[in-house]
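2 protein chains.
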Amino acid sequence: MTAKNIMLTPGPTPLPPSVLEAMSRPLIHHRTAEFGRMFVSVIEDMQFVYRTKGTVLMMTTSGTGAMESAVINLLSPGDLTIVCTTGAFGDRFVNIHKAFGLKPVVLPFEWGTAINPETLRAALKENKGVKAVFMQHTDTSTGVLNDIKTLSKIVHEESDALVVVDSVSGLACEPLETDAWGLDCVVTGSQKGLMNAPGLGFAAVSEKAWKAVEVSKLPKFNFDYKLIRKSLADKETPWTPAISIVAGQAAALKMLRAEGMEACWKRHDDLAAHARKLLTEKLGLPFYSKNPANILTGVVLPAGVDGTKLLSDILKEEGISIAGGQLHLKGKIFRLAHMGYISKSDIDAGVDALAKRLVGVKA
Amino acid sequence: MTAKNIMLTPGPTPLPPSVLEAMSRPLIHHRTAEFGRMFVSVIEDMQFVYRTKGTVLMMTTSGTGAMESAVINLLSPGDLTIVCTTGAFGDRFVNIHKAFGLKPVVLPFEWGTAINPETLRAALKENKGVKAVFMQHTDTSTGVLNDIKTLSKIVHEESDALVVVDSVSGLACEPLETDAWGLDCVVTGSQKGLMNAPGLGFAAVSEKAWKAVEVSKLPKFNFDYKLIRKSLADKETPWTPAISIVAGQAAALKMLRAEGMEACWKRHDDLAAHARKLLTEKLGLPFYSKNPANILTGVVLPAGVDGTKLLSDILKEEGISIAGGQLHLKGKIFRLAHMGYISKSDIDAGVDALAKRLVGVKA
Chain A
1 MTAKNIMLTP GPTPLPPSVL EAMSRPLIHH RTAEFGRMFV SVIEDMQFVY RTKGTVLMMT
61 TSGTGAMESA VINLLSPGDL TIVCTTGAFG DRFVNIHKAF GLKPVVLPFE WGTAINPETL
121 RAALKENKGV KAVFMQHTDT STGVLNDIKT LSKIVHEESD ALVVVDSVSG LACEPLETDA
181 WGLDCVVTGS QKGLMNAPGL GFAAVSEKAW KAVEVSKLPK FNFDYKLIRK SLADKETPWT
241 PAISIVAGQA AALKMLRAEG MEACWKRHDD LAAHARKLLT EKLGLPFYSK NPANILTGVV
301 LPAGVDGTKL LSDILKEEGI SIAGGQLHLK GKIFRLAHMG YISKSDIDAG VDALAKRLVG
361 VKA
Chain B
1001 MTAKNIMLTP GPTPLPPSVL EAMSRPLIHH RTAEFGRMFV SVIEDMQFVY RTKGTVLMMT
1061 TSGTGAMESA VINLLSPGDL TIVCTTGAFG DRFVNIHKAF GLKPVVLPFE WGTAINPETL
1121 RAALKENKGV KAVFMQHTDT STGVLNDIKT LSKIVHEESD ALVVVDSVSG LACEPLETDA
1181 WGLDCVVTGS QKGLMNAPGL GFAAVSEKAW KAVEVSKLPK FNFDYKLIRK SLADKETPWT
1241 PAISIVAGQA AALKMLRAEG MEACWKRHDD LAAHARKLLT EKLGLPFYSK NPANILTGVV
1301 LPAGVDGTKL LSDILKEEGI SIAGGQLHLK GKIFRLAHMG YISKSDIDAG VDALAKRLVG
1361 VKA
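Protein chains in written order, with my numbering: chain A, 1 to 363; chain B, 1001 to 1363.
No wet-lab data here; the hints were simulated from the structure.
These figures come from a predicted structure and were not determined experimentally.
Where is the CB? At the ideal position from N, CA and C, for every residue including glycine.
Hints should not be assumed to be uniformly reliable.
To be verified - Calculated from the model, a selection of chain A residues having no Cβ within reach of chain B, i.e. all distances over 12 angstroms:
id, residue
1, M7
2, L80
3, A122
4, D160
5, K192
6, D269
7, A355
Stated by the list, open to error - Calculated pairs, SDA-like style, for lysine to any residue (alpha carbon to alpha carbon, straight line, at most 20 angstroms):
id, chain 1, residue 1, chain 2, residue 2
8, B, K1220, A, A99
9, A, K332, A, F287
10, A, K226, B, A1099
11, B, K1290, B, A1099
Starting from the given sequences, assemble the full structure and let the hints guide the process.
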């Protein structure tokens, strides 16, 4: 008998039964009233999750595609931007900028630390005319939580720039108030806190951001926010959407609606606390991040341990997926996720599997 | 009791039970050997369907996204191209070109007629230095079949241009020989002949096309063929893929492998003949296209009939989805699909529903 597949990875995360059931239903055509109703429910429920009365757009793509969509819809060649980077996903925003010929001012922060608000303030004072500031809500590569509320306040105090937030791994796991915090564009993906299969990207777009979209001159077609908004008025998408994943998203969002966002954030808070208590008791290894988010816990492995082999063994022998470190952290840390539909018993199984193999080396 | 949902639409098409089952399985993580094996099987089976030994790339996107990916990966600003257009999807290639600042030579053919090979030859003689010629294998808006083999031969005789084919609705429904016909880039989507849910785009890329990719200067990141090929070597995708839809595609492709491409084309041939015989007998209305593909039959409605209401009634009252005309054909034709997992009994139910409502007006 194959071991039960337990995913403790920071995206994709496990799927609730109702989501799997929704995806297994025969397709409905996307130019029908029935699809329109489902699609509108997804958009409205996403406004609920985003805490916005503004427009929410849906795209068939990955989180990376959603990130790209923000860059190419808000900016024009020559625009000055600031990209704050706290890990692999901040670097991805930089790479997207470069791919489209933009030369952002990059504010790098040491991996494992959060964006320093005063560093951002100084950069805004130094660079006048910044069109947009890009930041991660949480960076999945390090598990760091950035103080988006404070950072957004500083951007608005010091400039007229748009605040663009990658909340691919943060949304629904950590408090985020799109409207109340003055966030202009918040992008996310379906496969983390939203408890759905990967395949959908979303963008919440403020009125101020729409003004930038109107004059943006970077080239786009597939991700053109204006075309997507136009179709949304007809309860449609401009191109054939990933209908099954939309059905899964509708089911997952019903669960989040029923739970409520405060309770959802509290659930992640509790789950993170549970994981960290257990990791401390059973492993006693140092945590990687200074300001950890409730999405995952990064744990530094002892020098002699081959982290890649450790996690590969656990997957092979016990069917439990745990993520390793990315780039220079490969083999050196593991990232135990506690987001979305991950349960306490999943965490317990994961920590047990780790403890069994790290006993003796932990001292 | 709700009527059985029958989809006679030219994408998405109905899903086989094994595809629905595959999509309802708990997710596996996309950075695992298990996913790698599934992904490689999809790529290899797609080579089988495409009839190519060349590279096949997979993207999480719609057919439109796959079309865009070909334009932005093969071309640079200022490149001269020819776009042959036989309907809405040829026009879409033109719009993608324009969105990226390209000014293609457009060869429009009357809706319902195929690309005239000699018109293309004359255009190639007149326009020297063309980098690529774009064409639809079948245009879903009209159901027309283009003679890709002949057209590709002419392009290679008259120029050094790449042959770029949109086979989103044609692949697996009509013969297509990527290598034998010298096609340089063939894009498709998962939701038509490939019998899967929408959400995946594919591109078959020839060696000659890769040379163009290497020097292409149009901006891209999410759809960057070089990044996608690099990850493919590691049995991965650069960004999180739509894992459930990949599982569905693997299951659907197993069916096509077992059937064989010749038998699959024959099945579509038989199904189209069945549909047209029945439509002639029961409706007796004129067909729209001069050179119809086996993907669908466009039928011209009598002047007094409101096609939009007709199809909306059939969907509401009998649960059968049939597509109407697009753009200027809205309300004037219907498009009865016979592609992918659509069966004879589905066709029979659709034609019955149409005949019931068109009796008396058909004379």
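Here is what the structure says about each hint:
no.	hint	result
1	M7	violated, 6 angstroms
2	L80	holds, 18 angstroms
3	A122	holds, 29 angstroms
4	D160	holds, 26 angstroms
5	K192	violated, 10 angstroms
6	D269	holds, 25 angstroms
7	A355	holds, 21 angstroms
8	K1220(B) / A99(A)	holds, 6 angstroms
9	K332(A) / F287(A)	holds, 12 angstroms
10	K226(A) / A1099(B)	holds, 13 angstroms
11	K1290(B) / A1099(B)	violated, 31 angstroms
Consistency note: the structure conflicts with the earlier hints numbered 1, 5, 11.
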